[in-house]
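Q: Using the hints, put the two standalone chains together into the complex.
In order, the protein sequence lines correspond to chains A and B.
Mapping of the first sequence onto the working numbering: residues 1 to 334, in sequence order.
Mapping of the second sequence onto the working numbering: residues 1001 to 1109, in sequence order.
One or more hints might be untrue.
Claimed, not checked - Distance condition first, Cα-Cα at most 25 angstroms in a straight line; then the derived DMTMM-like pairs of lysine to aspartate or glutamate:
{"id": "1", "chain 1": "B", "residue 1": "K1042", "chain 2": "B", "residue 2": "D1031"}
{"id": "2", "chain 1": "A", "residue 1": "K211", "chain 2": "A", "residue 2": "E266"}
{"id": "3", "chain 1": "A", "residue 1": "K108", "chain 2": "B", "residue 2": "D1036"}
{"id": "4", "chain 1": "B", "residue 1": "K1042", "chain 2": "B", "residue 2": "E1028"}
{"id": "5", "chain 1": "A", "residue 1": "K129", "chain 2": "B", "residue 2": "E1028"}
{"id": "6", "chain 1": "A", "residue 1": "K129", "chain 2": "B", "residue 2": "E1019"}
{"id": "7", "chain 1": "B", "residue 1": "K1042", "chain 2": "A", "residue 2": "E266"}
{"id": "8", "chain 1": "A", "residue 1": "K308", "chain 2": "A", "residue 2": "E168"}
{"id": "9", "chain 1": "B", "residue 1": "K1041", "chain 2": "A", "residue 2": "D235"}
{"id": "10", "chain 1": "B", "residue 1": "K1042", "chain 2": "A", "residue 2": "E112"}
{"id": "11", "chain 1": "B", "residue 1": "K1041", "chain 2": "A", "residue 2": "E150"}
{"id": "12", "chain 1": "B", "residue 1": "K1014", "chain 2": "A", "residue 2": "D165"}
{"id": "13", "chain 1": "B", "residue 1": "K1099", "chain 2": "B", "residue 2": "E1050"}
{"id": "14", "chain 1": "A", "residue 1": "K110", "chain 2": "B", "residue 2": "E1069"}
{"id": "15", "chain 1": "B", "residue 1": "K1014", "chain 2": "A", "residue 2": "D256"}
{"id": "16", "chain 1": "A", "residue 1": "K129", "chain 2": "B", "residue 2": "E1094"}
{"id": "17", "chain 1": "B", "residue 1": "K1008", "chain 2": "A", "residue 2": "E150"}
{"id": "18", "chain 1": "B", "residue 1": "K1042", "chain 2": "B", "residue 2": "E1019"}
{"id": "19", "chain 1": "A", "residue 1": "K129", "chain 2": "B", "residue 2": "E1101"}
{"id": "20", "chain 1": "B", "residue 1": "K1042", "chain 2": "A", "residue 2": "E150"}
{"id": "21", "chain 1": "B", "residue 1": "K1041", "chain 2": "A", "residue 2": "E76"}
{"id": "22", "chain 1": "A", "residue 1": "K129", "chain 2": "B", "residue 2": "D1054"}
{"id": "23", "chain 1": "B", "residue 1": "K1041", "chain 2": "A", "residue 2": "E320"}
{"id": "24", "chain 1": "B", "residue 1": "K1099", "chain 2": "B", "residue 2": "E1075"}
{"id": "25", "chain 1": "A", "residue 1": "K322", "chain 2": "B", "residue 2": "D1017"}
{"id": "26", "chain 1": "B", "residue 1": "K1052", "chain 2": "B", "residue 2": "D1073"}
{"id": "27", "chain 1": "A", "residue 1": "K129", "chain 2": "A", "residue 2": "E101"}
{"id": "28", "chain 1": "B", "residue 1": "K1041", "chain 2": "B", "residue 2": "D1054"}
{"id": "29", "chain 1": "B", "residue 1": "K1041", "chain 2": "A", "residue 2": "E274"}
{"id": "30", "chain 1": "A", "residue 1": "K108", "chain 2": "B", "residue 2": "D1031"}
{"id": "31", "chain 1": "A", "residue 1": "K108", "chain 2": "B", "residue 2": "E1028"}
{"id": "32", "chain 1": "A", "residue 1": "K129", "chain 2": "B", "residue 2": "D1095"}
{"id": "33", "chain 1": "A", "residue 1": "K110", "chain 2": "B", "residue 2": "E1075"}
{"id": "34", "chain 1": "A", "residue 1": "K322", "chain 2": "B", "residue 2": "E1019"}
{"id": "35", "chain 1": "B", "residue 1": "K1027", "chain 2": "B", "residue 2": "D1017"}
{"id": "36", "chain 1": "B", "residue 1": "K1008", "chain 2": "A", "residue 2": "E147"}
{"id": "37", "chain 1": "A", "residue 1": "K108", "chain 2": "A", "residue 2": "E150"}
{"id": "38", "chain 1": "A", "residue 1": "K281", "chain 2": "A", "residue 2": "E147"}
Honestly, the hints are just simulated from the structure, not real lab data.
Given next are the chains, with one letter for each unit.
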Amino acid sequence: MMDLFKSSKDKWLCQCYTYLYMALSWSQSINLKKVCAEYRVGLWQCPQFLFLIMGVIIILAIMVTYIVASRYEEPEIASLAVLVLTAILFAIGNLIVRAFEQVALASKSKSEFISIMSHQLRSPLSAIKWQLNMLLQGQSPVNTPREYLETIMQQNERMIRSVNDLLEVNRIEDNDLILRPAEFSLKELTLKIINEYTSYASAYNVSVAFKDGENSMKVFADEERLRRVIEHLLDNAIRYSTNGGNISVNIEKQNDGKIVWKITDEGRGIPSAEQRRIFEKYFRSSDAARFQTAGSGVGLFIAKSIIKQSGGEIGFSSQESKGSTFWFVLPVKI
Amino acid sequence: MGDALTSKGYTLIKALDGEIGLAAALKEQPDLILLDLILPKKNGFEVLGELKKDPATKNIPVIVLTNLEGSNDVEQALSLGATTYLVKANYNLEDVLGKIERVLNHHEK
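Looking at chain B on its own, in the form it has when it is part of the complex (with noise of 0.2 angstroms):
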């Protein structure tokens, strides 16, 4: 994912687990985040819930990347501010590129 996003232009911010994925969010203040829920210290839920709580992180689109497919997983990602939700093993790299374009274009206007 992170080759094809590269090779695409955009710039990369990549962290291993949930504490270092918020830290970053908040340092960075990235257009776009790309949040897995399998995450070693603070899980996805977690790391979702603290970005949509913090005002300087609420208003960046976070697009959930997962291969958890329950639909209580998909309620309460989507209910905790989750822009989007795709199960990984359901897409193509193109159409996952193709969603991450259209919510940043959606975002800008």
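So that you can see chain A by itself, here it is in the shape it has in the complex (with noise of 0.2 angstroms):
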């Protein structure tokens, strides 16, 4: 290539071939990777990167051309080059359009979710204050202090809950998950975390029933991660039964040794659009949509990053109108 550049009229090609170095020293000194990593997306997804390559290749079919249009005299090839060139730029416009609508998407969950957690966390508080409202005024005719302060227990636990959930959340993006493995029953948690869902069920006209199967059901893994999934996938499963209904729970083990953990319901079903989206962050269902449940969108992003986390996998399946199965798989200690 060089040899093209020593002709006099050949100058303006070694500017372009030093504008190229310049676009890829300055990727270089902005470390692309680096700020591709904050905005927490691929190279592929990351604008700056797409920008620099849709550069590249702009200066590049700048110098083709030039070169082609130079060494053919047939102007088809020269339009054929060109053709081909400008494909690859379209291509790479699409990709740089696509970067930017996740980044636009991401900011957009992003509100969604801020607003959403903001909610979440003045519900109990303002539940608090207006208990501690209540018992400061002295006699209640409806109920007694022992009551109001277990309301007021109760909403401090629900804002613990959700402040933990943005934590594990901060944890998980990163990579600071730490998972404690021992070897417990999940039987006898799955039980004791249903006897704890019993009146919240109820209040939703749901009942939860849990199905025996395999007796020894010793999983290795963190058990008070595995109670946040299962309490996820619990609450998931009675806030989207809206007409009631039955929630059923069992843990088989595979012909492999390892368990399986299930839970269906005859709830509301994931419309079949949004279930590739389901376990993302941020991500509520269009049913859910901010006003119809209480969830916050954090809870299957958390759930798949434990149980991935663990060494299981996690899954389910849907059908609109007619109900959900969420599972996961743990494996056994050997």
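A: Next up, the structure:
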């Protein structure tokens, strides 16, 4: 290529080469990898990287067109070269637009999440405030002071769970989710949680049944984290059973020795168009959309991250208006 | 909130979702409706819109009592016909009771 630049009429081609070199140096100076990592997107979804690629291709396109046009007399060949490069530019342009779409979508989901989350935190806070108001006013014809204190306690717990979810999302994003696995009975843990959720389920007119499968259901995982996974799955199953119904939970041992935990509800199900996004962070089904249920859109994201890091798998099947089955598989300690 | 209103002598009709709330408003013709925006089945905006469209319920004053505070939310609720918009976390129980009393008195006149 350097031979080409010896000719004086190719001086501008040399300039193109210089611009190309400058573009690449610029990319090195701003450390694209770091910038894209900060956006938490892959290189091919990172606008800065795609912008650089587009710039490089434009410069190359001009150089190649010039070389082709100067080497071949037939205009068809030059036109063809331009056409091919235009097609490549079009494809790259499309990628850039998609990358921006992703960024815009993430920003929209985040705003929505902040709005939901502030509501989630405010609701227990205002409930606590008003219960305290009632207590301070003295006698109430309706409830005893103990009942008010119990409500305050429940609301406080609710707030702690919301804040813990936020912190967990942050840990996952920073790859700082440290699990402390130990052997424990998944059956015992499940029964304990179902028991704790009995009154909550009754409020939704839902009954939760545990189907006893295998007796020895010891798994090797972080019990506290797994509790959260089960709580999120059970909570979702109850909240989306908008017309009441039955929820069944069962645990089975697969042929390969792995333990499968499964929950089936008769709720609204997940619209098929939204099923691929269900484990995304901040994603909420359009049915759930802001005003339908109290979920924050991070429960399934947290559940998936915990199960994945525990060496397991998580998935679901769902039919709109008929219900959903969510499951996870965990390895057993050998 | 319910306890505070009961202790002040008000009679309460509670509805746990938007659909039940609409049906109850139509049947019971209350003096005032306290409406949250985050409701199952039908959200508060939908409920408010339907209440204000229906000649049987359009004159019932509606106080939106919620923890949502986006400027769009406030604007939308007021343009749909809410009498006032209160953010729960920003008010003491006494303040809310005072507002309820004022709306009821004003409406009676």
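Q: Could you grab the alpha-carbon distance between K1014 of chain B and D165 of chain A and see if it respects the 25 angstroms cut-off?
A: The hint is violated at about 31 angstroms.
Q: Quickly compare the C-alpha distance for K129 of chain A and D1095 of chain B to 25 angstroms and report which way the hint goes.
A: holds (12 angstroms)
Q: Between K322 of chain A and E1019 of chain B, does the CA-CA distance stay at or below 25 angstroms?
A: Measuring from Cα to Cα gives roughly 21 angstroms; hence the hint holds.
Q: Within 25 angstroms, alpha carbon to alpha carbon, are K322 of chain A and D1017 of chain B?
A: holds (21 angstroms)
Q: Mind checking the alpha carbons of K1027 of chain B and D1017 of chain B for me, to see if they're no more than 25 angstroms apart?
A: Measuring from Cα to Cα gives roughly 16 angstroms; hence the hint holds.
Q: Would the hint linking K129 of chain A and E1101 of chain B be met if the CA-CA limit is 25 angstroms?
A: Judged against 25 angstroms, a Cα distance of about 20 angstroms means the pair holds.
Q: Next pair to validate is K110 of chain A with E1069 of chain B; report whether the Cα-Cα distance is within 25 angstroms.
A: With a Cα-Cα distance of about 16 angstroms, the restraint between K110 of chain A and E1069 of chain B holds, given a limit of 25 angstroms.
Q: Take the C-alpha atoms of K1042 of chain B and E266 of chain A, compute the straight-line distance between them, and say whether it is at most 25 angstroms.
A: holds (20 angstroms)
Q: Is the hinted pair K1042 of chain B and E1019 of chain B satisfied, with a Cα-Cα distance of at most 25 angstroms?
A: holds (6 angstroms)
Q: Check the hint pairing K110 of chain A with E1075 of chain B against an upper bound of 25 angstroms on the C-alpha distance.
A: holds (22 angstroms)
Q: Holds or violated: K1041 of chain B with D235 of chain A, Cα cutoff 25 angstroms?
A: holds (17 angstroms)
Q: Compare the distance between the alpha carbons of K1041 of chain B and E274 of chain A with 25 angstroms, and conclude whether the hinted pair is satisfied.
A: Distance ~19 angstroms between K1041 of chain B and E274 of chain A Cα, so the pair holds.
Checked against the numbered hints above, the structure violates hints 5, 6, 11, 12, 15, 20, 21, 22, 27, 30, 31, 37, 38; every other hint is satisfied.
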